[in-house]
Each structure stands twice: as C-alpha cells, then as structure tokens.
Amino acid sequence: MFILDDVLVKPFFSVLDILHTMALGEMYDMGSIRDDIKENQLLYEIGERPKAEYEERKQELEAELEMAELIQSQMRDRMEVKR
Amino acid sequence: MSNKLYTYGIVEQEGLELDVEGVGGAESIYTVDYRALSAVVSDIDTTDPERTDDAVEAHNDVLQRVLEYDGGRTIVPMSFGMAFKNGRTLKGVLRGAQRALRSTLNDIDSTVELGVKVIDSGEDETAEEIAQAGMTDRLSEASINETENDLFSDRLIVNKSYLVDREHRDEFDAAIDTIRSAHDDVTVQYTGPWPPYNFVDIHIGTDQQRGGR
Chain A
1 MFILDDVLVK PFFSVLDILH TMALGEMYDM GSIRDDIKEN QLLYEIGERP KAEYEERKQE
61 LEAELEMAEL IQSQMRDRME VKR
Chain B
1001 MSNKLYTYGI VEQEGLELDV EGVGGAESIY TVDYRALSAV VSDIDTTDPE RTDDAVEAHN
1061 DVLQRVLEYD GGRTIVPMSF GMAFKNGRTL KGVLRGAQRA LRSTLNDIDS TVELGVKVID
1121 SGEDETAEEI AQAGMTDRLS EASINETEND LFSDRLIVNK SYLVDREHRD EFDAAIDTIR
1181 SAHDDVTVQY TGPWPPYNFV DIHIGTDQQR GGR
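Chains as they are written, first to last, in the numbering used here: chain A, 1 to 83; chain B, 1001 to 1213.
This is chain B alone, in the form it adopts within the complex (with noise of 0.2 Å):
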C-alpha cells in the first residue's frame, strides 16, 4: 500500500476519519496531525495526479463533506493536486506554513463561501441596468466580505463570491429570494456552501495555494 498523500485542506487539530471517495481512488479519507494543525489526506499512488473532471469532483467533494460535517467545520483548502511523498514531507510543509494556515483559520473561523452569478436571459437590454442598480446591496449586507470574478460570459451579469458567517446564512438566502423574486427576466445561480476558497491565500511550499474556482 503506498504512503503517498494528497491533501484535500486544513482543520483545527482533529482526528477526523470519513467514508468518502477521494483523489485517486480512495475510499476513505483521515487526518495527519502537526501541533495544532491536521491535514485532511487520502493515501494515493502518485505526487502528481492527473486533473481530470472526476477527480477534481473528488477533491471539491471531500472539502464540502469535510465543512459540513457535524455541525460544520472550517477548513482552509488546498488547490488540486496537492501530494505528498510520506506524512514526515507533509509535516514538514506544514510546519513551515503553520503561521499563515493558522492565521487563516482564525480569519475564516465559521464561515463558507457562497457563489453568485446572474445571467442575463439575453432579451431584456435593461437586465444589466437593473443589476448595477443595487441588486446585490442586500447580499453585501448579509456578508462578512466579497470577491468580484471574472465576467467570462457577455451574458454575465454578476459573478462574485461571498463570505458568509454559517449562523447569517438564512438572512442571505432571503437576499438570493429577494432578487429572484424581483428580476424574473434574469437568471440566479447560486452555489455553495464551498470552503472559502477566494478568500485564502497561502503560499506552501514551492507552489503556490490560491484560492479560486
């Protein structure tokens, strides 16, 4: 059996063991502790898995079981294809980061990460109008804090990521209510909860650990 690990994120020190399929092949995920830190690992076969669409769906699924397991966890994610030689190079990362990953956690404490597009039904001209014009005041107000991404589609209207605190997470949804309810010519799509990814920047390593979908 190989000792190699991909790591999915990082929680408060915790032993923490789940059925869940993961990167690679796995069936089960657990916990890889360092001081006050435990990295959330599957064992795996390689340091460098390929990216593919099913196992990038592995990887954003073990962080959404892992954040809302129990109650809710918080948890800083890592990028695909985070792997590992053996536990003792994985220590050591994160005894190198332990500052930043700590630091983060305290910053991220209880909240996920909710993503908001609007899509314009491409009929109405006034559609975007109506978006500038204060469509998203409420979601801003039900939040801790809010990235604005890329607009990849002339369609798109709004495409931004926010950071909500778990317990405020009804007065948000009443504010995604709220817009649907009151633009039928435009469409809402909602996704979440996700781990706060676009509001964690961690450098470990040699490579890089930036949030974003």
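Next up, chain A with everything else stripped away, as it sits in the complex (with noise of 0.2 Å):
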C-alpha cells in the first residue's frame, strides 16, 4: 500500500503544489501592485482622486506589497529547498 500511494498520491501533490505556487505568485505580484502604487499617486497628482480616498488606498496598497514581499520570500525559500 505505501508504494501504491507513493506513486499515485506523490504526484497529485506535486502538482497541487505547483498550482497553489502559481496561484500566490500572480495574486501577490509585486510588480503589479508597485504599479496600482504608482497609478494611485498619479490619480491623485491629476486630481481625479481625492486625497481621503487616495490616502486609504495607498495604506492597502503597501500593506498588499508587505505581504506580498513576505509571501515571496517564502516561496523562494521552499524552492531553495526542494532543489
């Protein structure tokens, strides 16, 4: 039985666990929310966003960056490790 798991079980997490690391990779981008980072400034700068709401944003924005850098940190560390 250990061996039938091992080989019909391993790969099903093998690639579960290569979707769930894609998944956190796209949803904490750091590149793209240094860019809603940089979009919410300029709004504000041309005046379309006043700046209550720009304020607030930019508070969500570096707090999604803060765990994104952590997130990715993490991801880098598990990948390091598996190699």
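Hints may be right or wrong, so weigh each one.
[Stated by the list, open to error] Once the Cα atoms are required to be at most 20 Å apart in a straight line, the calculated EDC-like pairs of lysine to aspartate or glutamate come out as:
| id | chain 1 | residue 1 | chain 2 | residue 2 |
| --- | --- | --- | --- | --- |
| 1 | A | K51 | B | D1170 |
| 2 | A | K58 | B | E1057 |
| 3 | B | K1160 | B | D1170 |
| 4 | A | K38 | A | E26 |
Don't read these hints as lab results, they were simulated from the structure.
Need the complex rebuilt from these two chains, each delivered in its own frame; the hints are there to steer you.
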C-alpha cells in the first residue's frame, strides 16, 4: 500500500503544489502592486482621486506589498529547499 | 554634532551654502570640494537614512533648489540614501568617480529634465491612436534627448522624460500647450524642471547610481 500511495498520490500533490505556488505568485505579484501604487499617486496628482481616498488606497496597497514581499520570500525559500 | 554627510548631487566646483530643509532634519546644505567638483551635502546622524516619503521629498527639494539657484546650476543627481562616514570618505569616492562625473557634467551642461505623462480620460477609445499619431513629435523636436518610461497604468498613453536645454524651455512649454489645446480628451501632466535623473548613469562606490524616479 505504501508503494501504491507513493506512486499515485505523490505526483498529485506535486501538481497541486505547483498550482498553489503559481496562484500565490499571481496573487502577490509585487510588480503589479507597485504599478497600482504609482497609478494611485498619479490619479491623486491629476486631481481625479480625493486625498482621503488616495491615502486609504495607499495604505491598503502598502500593506499588500508588504504581504507580497513576505509570501514571495517564503516561496523562494521553499523552492530552494526542494532543489 | 555629527560629521556624517548626506549627498544630494555633484556640481562644478563652487562654494554653495543655502538654508533649505534637507534629509534627516538638516536645516542647510553646503558643498565639499574635490578638485574641480563639489558635492552638495548636509549633515546627518546616520549613513543609512530611512527612505520615507518626507525624506525623499526633502532630497528632491534640495536638488530642485540647487538646479534653479541663481539662474540655474547643472547638477548630477545622486539616488536617495547616499550618506558617507565623513568628508574624507566622500572625497575618496569623488576621486574614484571624477572622470565619469566630469564627463556627465559636460553632457548635461545647461539642461534640465522635464516629465510628460498623457493620461486617457477613459471615455474615448481613440485617444491612444491620436497619441501614437505624433502627439509628442513637437516635444522631441524641442528636446535634446528623451527616454520612454514605464506605462504602469492602462490609462497612461505617454510616459516620457525629456532632456531640454534651459534656453529652449519656452519652445518645450509651447509644445505642451499645443498638445493640451489639441486634445481635450486627455490629461497632460507636465512636471519639472528636475535634475536629469533619467540621463545620468554613473556607478559610484559599491552602489549603482542610476537615474529614474
């Protein structure tokens, strides 16, 4: 049973693992969050976004960026361990 | 009092001393000379200043002040965060980079950087086509050099930096007015003058000093 589990289940978990890593990578894409930070700043500067809304969005995005940095560094550590 | 020095940029050798708010709470800036070069500096308590919005703004404000001081100065801007242990360390760095600095000062002599962003109103789908059909041609004609910057938003049609001779600034301003009056379906964000961040690429010490905001 152990051999059967190992053969049938392990690849399944590997695929899930890859999909999970890809989903996390997309969700916590630091480049895209940085773009959103710049867009927020731009819309404020040209007067399309009021100051209160700009500041609230800025705080949200900065928190997202911090989380993304953490997740990405954990993902890098995981990849390094697997190699 | 600390003798650590925060560096904003490099000018041709000159004794400058200005009352202006600098990084880390400094109230004035001054110059440290090395041969034909002068580093624009202020005193600071640390060699690793924290990169806050206010600190970056103070860094840029000092550069802008020097850029426009008494008819204008040519300045090679440093990236945020260049602080040195003392004057001797700073002079050592200037010695190592003096050839590149002198050459860059020569290349950007009497110029300023101007930033142009054209933003789609989001209502007119043809705006991008209009932009691509030569909206910025006159800006190119009125400038010495230009760089294309990142289009970080779907609404950004143009994001460019231009290197413009101070003497041709009026022509550039007129080109901006023309774009604004010809295209009321877009917003033109025109900024500067800035030190020529995007036209300077000097490597100093262990840190790379590259233009770009």
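**Request:** Compare the structure with the hints numbered earlier in the document and write down the numbers of the violated ones, lowest to highest.
**Result:** Going through the list in order, the structure violates hint 1 alone and respects the others.
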